[in-house]
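K.L.:
Mind docking chain B on chain A? Use the hints.
Number of protein chains: 2
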Amino acid sequence: MLVSPLHAIVPAGGAGTRLWPLSRASHPKFLLDLTGTGRSLLQQTWDRLLPLTGPERIHVVTGQRHAAAVAAQLRDADVLAEPSPRDSMPAIGLAAAVIAAREPDAVIGSFAADHVIGDDELFHAAVREAVDVAATGKVVTIGLEPTFASAAFGYIEAAERLPGMPTARAVARFVEKPDAETAAAYLATGAFSWNAGMFVTRADVLLGHLERLHPPLHEGLRTIAAAWDTPRRDEVLDEHWPRLTRISIDHAVAEPVSLDGGVAVVPGRFAWTDLGDFASLADTADSDDAVWVDADGFVATRTAQTVSVVGIADAVVAVTDDAVLVTTRAHAQQVKAVPAAWQERGRDDLL
Amino acid sequence: MLVSPLHAIVPAGGAGTRLWPLSRASHPKFLLDLTGTGRSLLQQTWDRLLPLTGPERIHVVTGQRHAAAVAAQLRDADVLAEPSPRDSMPAIGLAAAVIAAREPDAVIGSFAADHVIGDDELFHAAVREAVDVAATGKVVTIGLEPTFASAAFGYIEAAERLPGMPTARAVARFVEKPDAETAAAYLATGAFSWNAGMFVTRADVLLGHLERLHPPLHEGLRTIAAAWDTPRRDEVLDEHWPRLTRISIDHAVAEPVSLDGGVAVVPGRFAWTDLGDFASLADTADSDDAVWVDADGFVATRTAQTVSVVGIADAVVAVTDDAVLVTTRAHAQQVKAVPAAWQERGRDDLL
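So the protein lines, in turn, are chains A and B.
The UniProt record's numbering applies: residue 1 is where the first sequence begins, and numbers increase by one.
The UniProt record's numbering applies: residue 1 is where the second sequence begins, and numbers increase by one.
Hints may contain errors.
Identical copies look the same in the list; a pair holds intra-copy or inter-copy alike.
[Stated by the list, open to error] Simulated crosslink set (EDC-like; lysine to aspartate or glutamate; CA at most 20 Å straight-line):
(1) Lys336 with Asp294
(2) Lys177 with Asp87
(3) Lys177 with Glu157
(4) Lys336 with Asp289
(5) Lys177 with Glu255
(6) Lys336 with Asp296
(7) Lys336 with Asp274
(8) Lys336 with Asp349
(9) Lys336 with Asp283
Treat the hints as calculated values from the structure; they're not laboratory data.
Model, not experiment: these values are computed from the prediction.
This is chain A alone, in the form it adopts within the complex:
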């Protein structure tokens, strides 16, 4: 059942350098079928949102260089092309301003293009509650139940229950990625969830916070949005976009508003991963066929070459037409150094 008046905003950015060489600057993570389902992560995101919004109310915000690829993967999507990356607040704010100009009472929900969610029913239930809470004027985030003491995510601390809502709570604070010890302490309290960047809010509430907290950014977004559905779109965008404050939605709105009690969290009890690195990919996707001798791990091949591993535990091997990457699960975070190293050697073709 569609959730009126929800519009989904899907920021589609990020090179996914920890998944290099599968993910490339020219063909990033969200465009790839990393889980072997036959659908890219972006298409899976579309499939997941469609029952909530229908095709007309999904808006993908992406870089101009990826706009054509996004449109090719999602024939019916509204694609908003950013002239340059300016972090998540301008991206989501642009879509919010454009939507609000067309439909003043819209509720918007922001959902990353490259996350994997295990149970659509639980996801939909969380979004429905978040929309109900957002109708009361709150900025609402969906907090993921942590499955381990990850140091790779920011955390949300929940406070008291919101009256009349099935599960929603007020947000006490947002915290940045902690160290492992702090993360373990968070988990022990039971009050913390992972911040997956899922925000649901009335468009006018978000723009009101922006007007109060970041007036020049708000002014720029309003100006661009006013020209969006006119012949002057490109001209106005080119003039104003480069001057928009480069800031995340967490730092711009969620954190400051939470300090005034304006943010709520709905617990997400569905399985979730951001597929941030090969360790999480190994947990999610099937390994390609390989020979293991005194070894185990994860293999992803994009060529016809066979892969054989001897004597390495928790190995990770990724093979593409132009690159072979070998690492272990424990070193998955360091993979991002590899494309940088090739770039230093003048191999921009490998980025």
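P.N.:
What follows is chain B alone, placed relative to chain A:
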């Protein structure tokens, strides 16, 4: 300066499965340029022997399936094609019998096609002394000075010096591949050298030992040799070859004759490796260009694909058109299990 009347016999066999996927049954180690010199190991063996024998007195014994490839790499070589592999004694014995039929006073020296030798001058000096000792009727082996307590080679124990020779000693005994502890004890005595299968002997002496110790094998070899330079070669070879005893020259002649004091050893003080696995290849050949992040090791690529390794010490990565192999130096010996595992899966194309 040529060493009259020396003939070199070069057994060219073995699949080199511990160097898979670089070395294949269809294109084995000796045919490959593994050291990056522009010459295959077989061609390097030829180059090394040429100053001792000239082109007419180098005889390569290989399987029928590799005879054309050997002839293509060595235009001037005498190639003796075995109908099937029957270990080293029939291979060397066939060449010895053919040579003796043409030149009764010939001295033969047997040198593997796929070993790497660091200093040709020292190698030539050892062979010259071995030929002098062989003239006295001894079977002579060149023993390699061990550089570490290897459990991968057989050993030769030297006894008293031979009068009138610069360095040669009698051989007390041959021992099979020892365990690491025994190998260390051998090295401590200073009397043991590695058995690299280099034998120098008068052809008539070798055939005499065979006649005494293995009469049916000797008879078969003599029969084939008598027909070799006649139109009946193939017919006689096909009839008699499959019945020849399958045995190594070590077990057939070197060990039993040494017990009677008939074997001498000349110390080889040149650098030597049999390039038996990726660990020894890593010691010998240059690694291809790669990116190492918190890692080191050896990379050999036969494609244009880049290789990047993250977080693995002493890694070994080999890449060909149809296979990617990943291991570490410490597991180099286990690589031979890999082609066997692919064969079990019906991938005979990978052997």
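K.L.:
Indicate, hint by hint, whether the structure satisfies it.
P.N.:
To see whether the hints hold, each was checked on the structure:
Taking identical chains as interchangeable, the C-alpha atoms of Lys336 and Asp294 lie at most 20 Å apart only when they sit on different chains, with a minimum of 12 Å there against 28 Å within one chain. Taking CA atoms no more than 20 Å apart as the test, Lys177 paired with Asp87 passes inside one copy only; the shortest distance there is 18 Å, against 64 Å between copies. Taking identical chains as interchangeable, the C-alpha atoms of Lys177 and Glu157 lie at most 20 Å apart only when both belong to the same chain, with a minimum of 13 Å there against 65 Å between chains. In this homomeric assembly, Lys336 and Asp289 come within 20 Å of each other (Cα to Cα) only across copies, at 19 Å, whereas the closest approach inside a single copy is 25 Å.
Proximity of Lys177 and Glu255 under a CA criterion of 20 Å is satisfied intra-copy only: 14 Å inside one chain copy versus 70 Å between copies. Within a single copy, Lys336 and Asp296 get their C-alpha atoms only as close as 23 Å, which misses the 20 Å cut-off; across copies the closest is 17 Å, which meets it. Taking the shortest alpha-carbon separations for Lys336 and Asp274, only the intra-copy value of 16 Å comes in at or below 20 Å, while the best inter-copy value is 39 Å. Taking the shortest alpha-carbon separations for Lys336 and Asp349, only the intra-copy value of 16 Å comes in at or below 20 Å, while the best inter-copy value is 35 Å.
Taking the shortest Cα distances, Lys336 and Asp283 sit within 20 Å of each other inside one copy (19 Å), while across copies they are farther apart (30 Å).
Checked against the numbered hints above, the structure breaks none of them.
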